[in-house]
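Chemist: Line by line, the protein sequences are chains C and S.
According to the numbering used here, the residues represented by the first sequence are 1 to 416, in order.
According to the numbering used here, the residues represented by the second sequence are 1 to 281, in order.
Where hints are given, some of them may not hold.
[To be verified] DSS-like cross-link-like pairs, simulated, lysine-lysine; straight-line CA separation at most 27 Å:
hint: 1; chain 1: S; residue 1: K215; chain 2: C; residue 2: K6
hint: 2; chain 1: S; residue 1: K90; chain 2: S; residue 2: K123
hint: 3; chain 1: C; residue 1: K6; chain 2: S; residue 2: K122
hint: 4; chain 1: S; residue 1: K190; chain 2: S; residue 2: K90
hint: 5; chain 1: S; residue 1: K101; chain 2: S; residue 2: K91
hint: 6; chain 1: C; residue 1: K6; chain 2: S; residue 2: K166
hint: 7; chain 1: S; residue 1: K215; chain 2: S; residue 2: K159
hint: 8; chain 1: S; residue 1: K122; chain 2: S; residue 2: K105
hint: 9; chain 1: S; residue 1: K91; chain 2: S; residue 2: K190
[What the hints assert, rightly or not] What follows is a list of derived Cβ distance ranges for each label pair:
hint: 10; chain 1: C; residue 1: G236; chain 2: S; residue 2: E144; range: 38 to 44 Å
hint: 11; chain 1: C; residue 1: D241; chain 2: S; residue 2: L260; range: 49 to 55 Å
hint: 12; chain 1: C; residue 1: R317; chain 2: S; residue 2: S199; range: 54 to 60 Å
[Stated by the list, open to error] Residues on chain C that point at chain S, a partial pick, calculated with CB under 7 Å:
hint: 13; residue: D108
hint: 14; residue: D303
hint: 15; residue: N306
hint: 16; residue: L307
hint: 17; residue: L310
hint: 18; residue: S311
hint: 19; residue: G312
hint: 20; residue: P325
hint: 21; residue: S329
Derived by calculation from the structure, the hints in this document are not laboratory data.
We put the beta carbon where it would ideally sit given N, CA and C, even for glycine.
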Amino acid sequence: MKNIFKQAFHSPRFVIGFSIFACILLTMLIYPLLMPGNPLEMIGLGTFFRPGTYVSVYDALDADSRTIKLSDADDNRLAKAMSDADRISMMEWLAVAGVPAEDIDLRDTHGLISLWKKYYDPSVRPEGMTKAKRNYYERLNNRLVAVTRADTITMLSPDAETGEMEERGRVAKTDYVNVSDVTNVRRLPLGTDNFGRDMLKELVSACGTSLFIGLVAGGIATFIGLLLGLLAGYIGGLLDDFIMFFTNIFTVIPSFVILILISFSIDQSQRGALTTAVVIGLTSWVWTTRSVRAQVLSLRNRDHVNLSKLSGHSLSRIVLTDILPYIASYVVMAFILQISSGILAEAQLSLLGLGPKTTTTPTLGLMMNWAMLYSAHINGAWWAYYPVILTIALITFSLNLMNTGLDQVFNPQLRS
Amino acid sequence: MHEGSNRPTDNRPTENCPTEKRVCLSGTGVTKVFGAGSRKTVAVDHVDFSFNEGEMISIVGESGSGKTTLVKMLLGLTSVTDGDLYFMGKKRDIRTRRRKKAYWKGIQAIFQDPFSAYNIFKKIDSVLLDCVHMRGGRHLPHEEKIRMISEACGFVNLKYEELTNKYPFELSGGQMQRLMIARIFLLRPKILLADEPTSMIDACSRATILDMLMKLRAEEGMTIVFITHDLGLAYYVSDRLMIMEKGVIVEQGAADEVILNPQHPYTKQLLSDVPKLTEPW
Ligand SMILES: Nc1ncnc2c1ncn2[C@@H]1O[C@H](COP(=O)(O)OP(=O)(O)O)[C@@H](O)[C@H]1O
Ligand SMILES: [Mg+2]
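Just chain S, with the same shape it has in the complex:
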């Protein structure tokens, strides 16, 4: 059975030495409720999870299941209605701006829609320069900053000379999303939350983006939380899967287990939409 899957198993360092696993981000009973009274929406409903260092975790669920809301809570961009979050073993505390900034040095994100993720009035250079500054490079000489930015652009196969002095809307969706990854490369956070990073861009760029995420994990040992609605894709890239339905995590476990031994009917339904997953291509 295992031989049938064509997953890049070599990309999973954590599986080889499970004793070294350290929890970097976890949550218990995390809940988000929008609105009140009759218009109350429970977007995320008492979710428990824990992400280990260096792991690649996928959260899979159809649109509207609360994935983005969960990501925003993990990032500290929206308040948590109920539940506790733990970051690096300690209860997360981001009540002041200084602590928030420190937290965001450790956790970053790539958003779903690259076209709305950039400030259209700012040049690309400033986005990348901000990252250099956030990593404490504010007082570096200008040439050194440019060198770092060029290196980051090179990491995502973009040429800095072709990007400098351009506005985001002059790039294609794929280029914008790659630039987002260049940003992550510069920031080198512990955890990267990638919220459907490939759903809004063309199929050609999609594989490139995935490759780059894998490279980030392999080279930097980053923990990546990959959000997607595509179970096949999730299985292809990740060590662990979490299946989310209407704000509830209905099933989670090692990728192989979940795919080969689905317990929850919703997982089975999702699996039936990707029929050839466990068979050779």
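The following block holds chain C by itself, in its conformation from the complex:
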């Protein structure tokens, strides 16, 4: 047995799968230590903040400022103030004003602005231009002028006693603060979700819950499958008929349908992560039962089992020492697959709104469900669902890789 697991690490597939899985596990264990706190705390007021580093504006004003003169600072400000649509509109105006098309470069902010300053005249009324469009050009012009006009911004704050506004300081265009000098900086590598919660923190926590669900569901399914398979295969007779009758019923009705029905019939308030895991486990033992039974059927007539019987061993001892070790490798592989399908089943259930109803722990499926309910895909909030999909894919991929790797070790015929 020890040898087999040593051998497993010679299989590249197993090693890759195991490494990915170990990385996920390590992240799950270490990240909460580095970033403690409730993963479901709603820190952002508003939905779907973009991923990035959030710097407190208030604290930035207090931080030591340094003067840095950058020649392209103004251009950058202007560029930021002009959308692509604005640039095209500007080009249209310039064309009407008689600037040849080859002189205009849409991407050259500096050139575009200088042309604009030269040719824009709010009093001109080009033929066929609507009033709305003329107003738009005026607003655009005002905006561009505003970006570059004021050299300093004066900050006022009310006096605590009199309530009169007092000058607190001035911020010049050339003032810079070091981000590390700002007291409050919050990195949100994956932004926030629809409830303003830190996506990364939530994802790590969800990953743990989903793995727990997978483990419990896989454990239950494998245990039931193994037990029924051993009983049906080794004892046979009426018991076999009885077990196979139920197994066949469960095979014919897709287990996912049963899963949905059971989940639906359990009261929402009682559907925690554990309940969901148990329900998933209770509906996915069928294939393990069938294959364990098939293997036991072929094992029970082998001579080593006969010899064990002739040595007077009890039924339980024969099952434990002469049958189980021979199917152990298979059971381990089935268990790995059951974990991965348990995680997927939870994701599917939650996507349908039948997953664990919980306000304390997120799961991967629930995160998908929230992203869908709040139309993350329509809002362009890719960070609300792609990382979740990727995590689910990575977990199942690594588990399946480990499984095929083990398969190669256990079935030498598959080694090519």
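Model the placement of chain S with the ligands on the given structure of chain C, informed by the hints.
Modeler: Same frame as chain C, but now just chain S with the ligands:
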């Protein structure tokens, strides 16, 4: 004619005093049917036999004639479709586990393929220890158990020190089969069913195995049922022959009679495959 055969006649105590013969295992109309309907196979078809104590009986038949199935039925490892079996004069009753265990103290087997007869996850020691325990030696001191096991290994020319802590797959086929005989030596059953014990191992080990079986009979007075597809070999070792064809015993009798006076065409055909049997070597 008799002078021509080179059988070890001195190895047959039963022939000298036929009045002492006691039937230890017999059966009437023993039948085994596998499957049902169109896929029905009659593996053993209404077989009658009786084995006497201390005898060496050979069951000869080509592959697929139902020899192994008969052995499994005699051992109680497969159910008997039809017919009755008698063990030590009484109808065999192995319906409970306790009775089965008691039955297996009296009847044991050596299987055809030594490579599949061992649990590959168990060390050799445990196989032999199980035998000591089955003979009621569970509470013996450890040294005494080791002594018994060493003695058994010595009986089959193996050294316990070289076997201990090894797994079955670390041995050769011949060694494994000898270990099976060591097991029998420890268990000392009344009846030993040896199902083609030499067919899967190399020619060198074959003679050793046969010698050891003979020794078991000579020293322990064991009844040995020797299953083989080789009529020559069967004639060489046994007192009585049973010829089996497609599940039916077509001919049985004293070894000399069957070989020198074959009645059934199938026996004659088998004999013609071993031409030099009745002539001097
Ligand atoms: N478990 C089984 N199920 C169905 N048929 C079997 C089974 N075991 C043996 N048979 C059939 O019974 C016949 C006798 O087999 P067997 O006793 O193994 O022959 P032998 O040992 O003489 O070679 C064969 O035709 C074989 O196919
Ligand atoms: Mg056979």
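Chemist: Decide, hint by hint, whether the structure agrees.
Modeler: Verification of the hints:
Taking the CA atoms of K215 (chain S) and K6 (chain C), the gap is about 45 Å. The hint is violated against a cut of 27 Å. The straight-line distance between the Cα atoms of K90 (chain S) and K123 (chain S) is roughly 38 Å, outside the 27 Å bound, and the hint therefore fails. Of the pairs offered as hints, the one joining K6 (chain C) and K122 (chain S) holds, with about 19 Å between alpha carbons and a cut-off of 27 Å not exceeded. Using a Cα cut-off of 27 Å, the hinted pair K190 (chain S) and K90 (chain S) holds, with the two alpha carbons roughly 15 Å apart.
Taking the CA atoms of K101 (chain S) and K91 (chain S), the gap is about 16 Å. The hint holds against a cut of 27 Å. Taking the CA atoms of K6 (chain C) and K166 (chain S), the gap is about 20 Å. The hint holds against a cut of 27 Å. Proposed proximity of K215 (chain S) and K159 (chain S) is supported: the alpha carbons are some 18 Å apart, at most 27 Å. Distance check on the hinted pair: K122 (chain S) and K105 (chain S) sit about 22 Å apart at the alpha-carbon level, within 27 Å; holds.
At most 27 Å may separate the alpha-carbon atoms for a hinted pair to count; K91 (chain S) and K190 (chain S) meet this at roughly 16 Å. For G236 (chain C) paired with E144 (chain S), a C-beta distance near 40 Å keeps the hint of 38 to 44 Å intact. At roughly 54 Å, the beta carbons of D241 (chain C) and L260 (chain S) sit within the given window of 49 to 55 Å. About 30 Å separates the C-beta atoms of R317 (chain C) and S199 (chain S), a value inconsistent with the hinted range of 54 to 60 Å.
A hinted interface residue such as D108 (chain C) counts as satisfied when its beta carbon comes closer than 7 Å to some beta carbon of chain S; here the least separation is about 77 Å, so the hint is violated. Taken as an interface hint, D303 (chain C) checks out: its beta carbon lies about 4 Å from the nearest beta carbon of chain S, inside 7 Å. Taking 7 Å as the C-beta contact cut-off toward chain S, the hint placing N306 (chain C) at the interface holds, the least distance being around 5 Å. Here the hint on L307 (chain C) is kept, as its CB sits about 5 Å from the closest CB of chain S, short of 7 Å.
The interface hint given for L310 (chain C) holds, since its Cβ lies 5 Å from the closest Cβ of chain S, which is under the 7 Å cut-off. For S311 (chain C), the shortest C-beta to C-beta distance to chain S is roughly 4 Å, which falls under 7 Å, so the interface hint holds. Hint status for G312 (chain C) relative to chain S: holds, with the closest Cβ pair at about 5 Å, below 7 Å. The interface hint given for P325 (chain C) is met, as the beta carbon of that residue sits about 4 Å from the closest beta carbon of chain S, less than 7 Å.
Residue-level restraint check for S329 (chain C) is violated (minimum Cβ-Cβ distance to chain S is 11 Å; threshold 7 Å).
In this structure, the hints that do not hold are numbers 1, 2, 12, 13, 21, in rising order.
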